[in-house]
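Peer 1: Go ahead and model the full structure; you've got the sequences and the hints to work with.
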Amino acid sequence: MKLNKILKNALLVLLACFALSACATKKVSTSQIQGDVYTGTDTVEYLASGVPDRVFFATNESVLTTASRETLRKQAAWLRKNSDVTIVLEGHADERGTREYNLALGERRANAAKDYLMTYGISSDRISVLSYGKERPVDSGSNPLAWSKNRRSVTVKAN
Amino acid sequence: MGKSKNYLISFLIILLFPVKSFGLIEVDITRGNLNPLPVAVSPLSIDDKSKKSFEKLLKKKNIGSEISLIVENNLKTSGLFNPLDKNAFLQAPDIANLKPRFEDWNLIKAQALITGKVSNFEDKLRVEFRLWDVLAGKEMMALAFTTVPNNWRRVGHIISDKVYERLTGEKGYFDTRIIYVAEEGPKTKRIKKLAIMDQDGANNKFLTLGNELVLTPRFNPTSQMVTYLSYFRNLPRVYLLDIETGIQEVVGDFPGMTFAPRFSPNGKKIIMSFAKDGNSDIYTMDLENRIVEKITNHPSIDTSPSYSPDGKYICFNSDRSGYQQIYVMKSDGSNVKRISFGKGIYGTPVWSPRGDLIAFTKLHKGKFYIGVMRIDGSGERLLTENYYQEAPSWSPNGRVLVFYRETKTDDQGKGFSAKLWSIDLTGYNERILKTPTDGSDPSWSSLLSK
Chain E
54 MKLNKILKNA LLVLLACFAL SACATKKVST SQIQGDVYTG TDTVEYLASG VPDRVFFATN
114 ESVLTTASRE TLRKQAAWLR KNSDVTIVLE GHADERGTRE YNLALGERRA NAAKDYLMTY
174 GISSDRISVL SYGKERPVDS GSNPLAWSKN RRSVTVKAN
Chain Z
11 MGKSKNYLIS FLIILLFPVK SFGLIEVDIT RGNLNPLPVA VSPLSIDDKS KKSFEKLLKK
71 KNIGSEISLI VENNLKTSGL FNPLDKNAFL QAPDIANLKP RFEDWNLIKA QALITGKVSN
131 FEDKLRVEFR LWDVLAGKEM MALAFTTVPN NWRRVGHIIS DKVYERLTGE KGYFDTRIIY
191 VAEEGPKTKR IKKLAIMDQD GANNKFLTLG NELVLTPRFN PTSQMVTYLS YFRNLPRVYL
251 LDIETGIQEV VGDFPGMTFA PRFSPNGKKI IMSFAKDGNS DIYTMDLENR IVEKITNHPS
311 IDTSPSYSPD GKYICFNSDR SGYQQIYVMK SDGSNVKRIS FGKGIYGTPV WSPRGDLIAF
371 TKLHKGKFYI GVMRIDGSGE RLLTENYYQE APSWSPNGRV LVFYRETKTD DQGKGFSAKL
431 WSIDLTGYNE RILKTPTDGS DPSWSSLLSK
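Going line by line, the protein sequences match chains E and Z.
Residue numbering for the first sequence follows this note's numbering, beginning at 54 and increasing consecutively.
Residue numbering for the second sequence follows this note's numbering, beginning at 11 and increasing consecutively.
Think of the hints as simulated: they come from the structure by calculation, not from any bench.
Bear in mind that the values here come from a model prediction, so they are computed numbers and not experimental data.
Ideal Cβ placement from N, Cα and C applies to all residues, glycine included.
Treat each hint with caution, since some may be false.
[Claimed, not checked] Cut-off 30 Å, straight-line C-alpha distance, at most; resulting in silico cross-link-like pairs (DSS-like, lysine-lysine):
1. Z:199 x E:210
2. Z:340 x Z:353
3. Z:203 x E:210
4. Z:418 x Z:377
5. E:127 x Z:286
6. Z:86 x Z:70
7. Z:59 x Z:96
8. Z:70 x Z:444
9. Z:203 x Z:134
10. Z:286 x E:134
11. Z:340 x Z:279
12. Z:444 x Z:353
13. Z:286 x E:210
14. Z:69 x Z:134
15. Z:353 x Z:429
[To be verified] Rough simulated footprint, nothing fancy, chain E against chain Z, three-plus residues with beta-carbon under 8 Å:
16. 176-182
17. 257-271
18. 392-406
Peer 2: Below you can see the structure in the form of structure tokens.
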């Protein structure tokens, strides 16, 4: 299963490389996407200095990338320091899927983030999960970059 | 409240003459609308006294003409009929209703003729109408109704249904309503309200205020109840709404998001998804005894369930194969079988009220399709292709699908819209449904008068 995912991600990166070389003349700003996952900081807000509030996902995926895990470890450290804070993990999908499936996918993504925070010692009592599916995009564009920004789980302070 | 009561008042329908089954005109609805049947809808005649009384009551100058306009519009939008220009009619409405001069109607190439009469009978609206076969020179049908004057639009729809049924051999779908989500505002913070309208777009009414996000309303096939998803207090849950009384209640007591609700064919159960710990499974809740049953049990996303009309099977979509595909199982959750095997991903399966087909949304190579397949997955037919469209809902006779379509935005994110569309099962006759605001997630009611 894990190996499968790694292979799949590798394939995605490879595909992205092809896409990059194919679009080189068109100057598409794909440098902010790696392996179908958004790596930029345009839409990112901060829970505290150096603690980004969100992680991004590949199309149809809920697997956390290395960068996402790093972000979540920072969030966990911040949450351990601020033990009175409770959070809502808001899971989102891009617009290229059916509404109901996207609601489920958003929930799955937010739970991927939740599980990771819990392995770093954050109690599930402090975390609630809310899926918005494709209902609340941050970027209203209809292009791969906009979609990659919208495939996200955002950690929001609840109190 | 007062208005909604109208739906409770039954129509008094009298058969004026026994219908004889001649081998008269027939419309084949299994084929495209390449040759819509030319039909003359003569304005319903009305005496001066009735005309004045209804003008006062309904603020319509000539209620007879208004009703025939509804009939004309319904027949036209079905794509099966071609209503002829009234200016070419030679015979006056009152005389035509008594005895049409078939040569005159033949001259303008009408094959069917609808005539009728409206009168005020003890402050009720009395309507009689007749359907004639012009070529054979024979009456095909004659009916009379009496109802409260406020029901005048429904009279037009019922006449349309009777004509459709007589000429095609199948039930009509005009005396129906559509519930949908009315949308406004920027794509990043859409305001969504439940709205309901007649099938032809008239009598649009908003049912919620837009304070919370609402999605996916669906009619109970047996009553004026609706089930939908609301984000009330930021807790996405399945709700029930009685559109006669406005009373709402949350369905069940689930410790997490419930979504994708639909009624069972007898209206007594709700089937939906419940998401917990990253996994969505399908559940039912009996509305009488509140018993909850878990139908699927799989670590994948199982959602968008829809019952077969006999209640024995459920179709749904699941990503257990890696991607969203359509599955069919027995209503107790046993015998799960994948039925979609074409290229691309498949979602939102909905079982036809006729039982023979499943409509779906398909995504393949960046395009969205609305299509139908047989219940074993064979005979896949794609009806329409677009940038984004999904969520088909069947007309009660299983001949038309209504769905919604979203536009692609430009690089600044401008130009977004969401509209309701309909298309025939034949793949012809694609039409936009006019709504006061943008719209999505349409659901078609059963026939209001059966």
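Peer 1: Now tell me if each hint is right for this structure.
Peer 2: Right, here's what the structure says about each hint:
1. Z:199 x E:210: holds (20 Å)
2. Z:340 x Z:353: holds (25 Å)
3. Z:203 x E:210: holds (28 Å)
4. Z:418 x Z:377: Cα-Cα ~11 Å, so holds.
5. E:127 x Z:286: holds (25 Å)
6. Z:86 x Z:70: Given pair residue 86 of chain Z, residue 70 of chain Z holds - Cα atoms ~23 Å apart, limit 30 Å.
7. Z:59 x Z:96: Distance of about 24 Å is within 30 Å: holds.
8. Z:70 x Z:444: holds (22 Å)
9. Z:203 x Z:134: violated (35 Å)
10. Z:286 x E:134: holds (28 Å)
11. Z:340 x Z:279: Holds, because 15 Å separates the two Cα atoms, which is no more than 30 Å.
12. Z:444 x Z:353: Distance ~33 Å between residue 444 of chain Z and residue 353 of chain Z Cα, so the pair is violated.
13. Z:286 x E:210: holds (21 Å)
14. Z:69 x Z:134: Judged against 30 Å, a Cα distance of about 16 Å means the pair holds.
15. Z:353 x Z:429: Answer holds: residue 353 of chain Z to residue 429 of chain Z is near 27 Å, not above 30 Å.
16. 176-182: violated (count 0)
17. 257-271: holds (count 4)
18. 392-406: n = 4 at 8 Å, threshold three: holds.
When the structure is compared with the earlier hints, violations turn up for hints 9, 12, 16 and for no others.
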